[in-house]
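Protein chains in written order, with this note's numbering: chain G, 322 to 647; chain S, 322 to 647.
Note that these hints are calculated values from the structure, not bench results.
These numbers come from a predicted model, not from an experiment.
Treat each hint with caution, since some may be false.
Said to hold, decoys possible - Cβ pair distances, simulated, as ranges:
1. V612(G) x R576(S): 30 to 38 Å
2. G506(G) x S622(S): 40 to 48 Å
3. G601(G) x L401(S): 29 to 37 Å
4. R576(S) x L635(G): 34 to 42 Å
5. G446(S) x Q631(G): 42 to 50 Å
6. E539(S) x D610(G): 47 to 55 Å
7. E539(S) x L635(G): 52 to 60 Å
8. L401(G) x R629(S): 34 to 42 Å
As the list claims (entries may be wrong) - Computed footprint of chain S on chain G, listed as stretches where at least three residues anywhere in the stretch have a Cβ under 8 Å from a Cβ of chain S:
9. 504-516
10. 519-525
11. 549-557
Note that the Cβ used here is the ideal one computed from N, Cα and C, for glycine as well.
Protein chains: 2
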Amino acid sequence: MTIDTFILTALRSPSGTSISGGEIAQKLGVTRAAVWARVRELRALGYEIEASPHEGYRLLNSPDVLLGDDLMSRLKGDPLIGRDIRVFQETTSTSDVIERLAADGVREGVVVFAESQSRGRGRLGREWISPAGKGIWFSVLLRPNLRPIEATQLTVAAATAVARAIESETRLMPQVKWPNDILLGSRKVAGILTELSAEVDRVKHLILGVGLDANFEEADFPERVRATATSLRMELGHPVDRAGLAVAMLTELERDYARIRSGRFDAIATEWEALCTTLGRQVSVRVGDRVLHGRAESLASDGALLLRTQHGHLERITGGDVSLKK
Amino acid sequence: MTIDTFILTALRSPSGTSISGGEIAQKLGVTRAAVWARVRELRALGYEIEASPHEGYRLLNSPDVLLGDDLMSRLKGDPLIGRDIRVFQETTSTSDVIERLAADGVREGVVVFAESQSRGRGRLGREWISPAGKGIWFSVLLRPNLRPIEATQLTVAAATAVARAIESETRLMPQVKWPNDILLGSRKVAGILTELSAEVDRVKHLILGVGLDANFEEADFPERVRATATSLRMELGHPVDRAGLAVAMLTELERDYARIRSGRFDAIATEWEALCTTLGRQVSVRVGDRVLHGRAESLASDGALLLRTQHGHLERITGGDVSLKK
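All chains should be modelled from the sequences, with the hints used to inform the complete structure.
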């Protein structure tokens with residue numbers, strides 16, 4: 322834990338509204354002057370920290386920026402996901418950064434956020450719109466003990482986690498479209514990109530990328546997607562607290578990843594089915610060059626979509642573009 | 322094509338035993354002095370090139386080294402695999418190098434050889450013994466239009482290609498043990514490692530790693546594998562031409578990859594079945610923590626092993642450790 326993380330954690334502690342510089346200094350084994358220097362840095366970053374000679378420090382307000390130390394200080398317990406959080410002002414794509422960390426042998430759980438991405442990507446290498454400061458874009462490095470075919474479990478888990486986080490932070494009611502879209506009404510507000518590095522029969526590492534259109538205004542979307550995309554801000558009529566949402570998403574992901582590791586993906590699948598706008602509907606699924614038509618029946622134990630085709634066959638779909646029929 | 326590649330190609334041309342420096346210079350648009358300078362470099366690398374004032378240059382002998390230019394000059398036609406060949410004297414693992422090239426967006430077909438590897442690896446991160454100059458270790462970057470579950474096709478194709486190359490170059494009769502071992506008698510002489518980078522439903526790139534114990538002597542193997550490993554040299558009683566074998570393996574891989582790309586994996590599967598020591602045998606297969614027992618019945622269309630278990634079920638195995646029962 323860095324000094325900043327410790328200070329922010331202390332300032333957010335529910336047990337008291339203020340904490341003295343001396344108390345922080347003692348716990349950290351640094352001088353009061355060092356604490357004061359860090360507080361000034363945090364203020365420069367936009368944190369409103371009141372300093373009173375008698376009562377100590379008090380956090381009045383946090384800025385609308387994503388800071389690794391701040392996010393880490395807000396995660397409860399001793400989480401795996403987010404034990405190391407790095408925020409880039411700009412990068413090509415947060416998943417690119419994680420890929421390099423994975424190659425360097427970094428252990429699972431590291432999370433990379435970016436305030437803007439120059440080459441944000443969605444599925445199939447599609448562009449992901451990432452205007453500076455308007456969204457929440459992050460990627461997580463995981464090293465699950467799964468076979469490649471089971472990687473869909475992580476997409477399903479992440480979609481469920483993101484939907485739960487949006488609901489708890491905004492009271493909006495998101496739905497999930499298989500496999501990786503989160504919708505508000507019929508418009509997409511977030512997406513998941515699961516990428517893996519694998520041998521034929523085991524995942525070496527997996528990168529979970531999440532993009533949430535938090536505070537986009539309509540003009541932030543290119544013309545071509547305006548009819549099908551939305552943001553939390555557009556739905557609510559006011560901006561959202563991005564850091565709070567980021568923490569909520571990481572917390573929910575932590576919970577789902579723990580369930581996957583202990584073999585309880587079925588519990589996630591049940592939640593997913595309740596959120597899912599795809600199941601029970603007539604859909605078309607494009608898989609590579611093929612288009613399948615049928616009814617989305619259920620989710621298989623590995624996260625695959627089970628499609629009852631118009632010919633009565635049950636097809637296992639591990640990935641594809643789903644269109645809902647009217 | 323570099324000057325060296327051109328010179329070596331010209332010297333190996335079956336139409337004449339000699340070629341004049343003037344002719345090479347003219348075709349390349351360089352001076353005769355430049356050609357002479359390169360010939361001296363090639364001699365320094367170990368190529369025995371005779372220079373006669375009247376008849377020109379003649380290649381008498383090639384050294385036992387792997388040189389990218391030399392290998393490229395020996396590939397026929399306009400191959401995809403090997404259109405760019407890079408040889409490292411030492412690296413951690415040829416697949417590590419390819420991984421970095423893939424991240425840089427290099428197109429498929431590039432091949433990396435190493436004369437030694439400090440962290441050569443087999444399946445499941447196991448160590449791959451790589452003493453300098455004794456083996457042939459290379460990795461190929463491919464970008465096939467496949468789903469992750471179909472990646473086994475490449476392992477099967479590579480095993481078949483390596484077996485054919487060994488047979489054509491040495492007259493030894495290798496067999497294949499599903500999924501990725503090449504045996505002489507009951508001892509392993511070569512192995513394949515297929516690694517992929519993928520989204521859930523499509524391969525982004527695939528790295529085919531091949532390791533062949535070409536000129537190992539018994540002492541080159543650690544004690545613990547001596548009973549189960551062998552080399553071409555140990556089987557033949559004399560060293561083999563590593564460059565010739567490397568070219569043969571790349572040529573056979575080119576052929577198999579063309580078949581996969583045109584949807585004719587079934588033809589490879591047929592060849593594979595003829596080479597396979599696994600099929601029809603009682604085997605145990607370890608898949609993660611499970612061990613399955615049964616009869617290896619056949620190969621599925623995606624390269625999976627179909628195992629008839631002792632309970633009569635037909636299990637699809639996409640990866641695992643196979644042990645043949647006596």
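Hints, one by one, checked against the model:
1. V612(G) x R576(S): 30 to 38 Å: 33 Å, holds
2. G506(G) x S622(S): 40 to 48 Å: Between G506(G) and S622(S), where Cβ atoms are some 42 Å apart, the hint holds.
3. G601(G) x L401(S): 29 to 37 Å: Since G601(G) and L401(S) have Cβ atoms about 46 Å apart, the given range 29 to 37 Å is violated.
4. R576(S) x L635(G): 34 to 42 Å: Holds - the Cβ-Cβ distance for R576(S) and L635(G), about 37 Å, lies within 34 to 42 Å.
5. G446(S) x Q631(G): 42 to 50 Å: 45 Å, holds
6. E539(S) x D610(G): 47 to 55 Å: 52 Å Cβ-Cβ, so the 47 to 55 Å window holds.
7. E539(S) x L635(G): 52 to 60 Å: Since E539(S) and L635(G) have Cβ atoms about 55 Å apart, the given range 52 to 60 Å holds.
8. L401(G) x R629(S): 34 to 42 Å: Because 40 Å falls inside the window, the suggested range holds.
9. 504-516: Coverage by chain S holds for the region 504-516 of chain G (3 residues, Cβ < 8 Å).
10. 519-525: holds (count 6)
11. 549-557: violated (count 0)
Going down the numbered hints, you'll see the structure goes against 3, 11, while the others check out.
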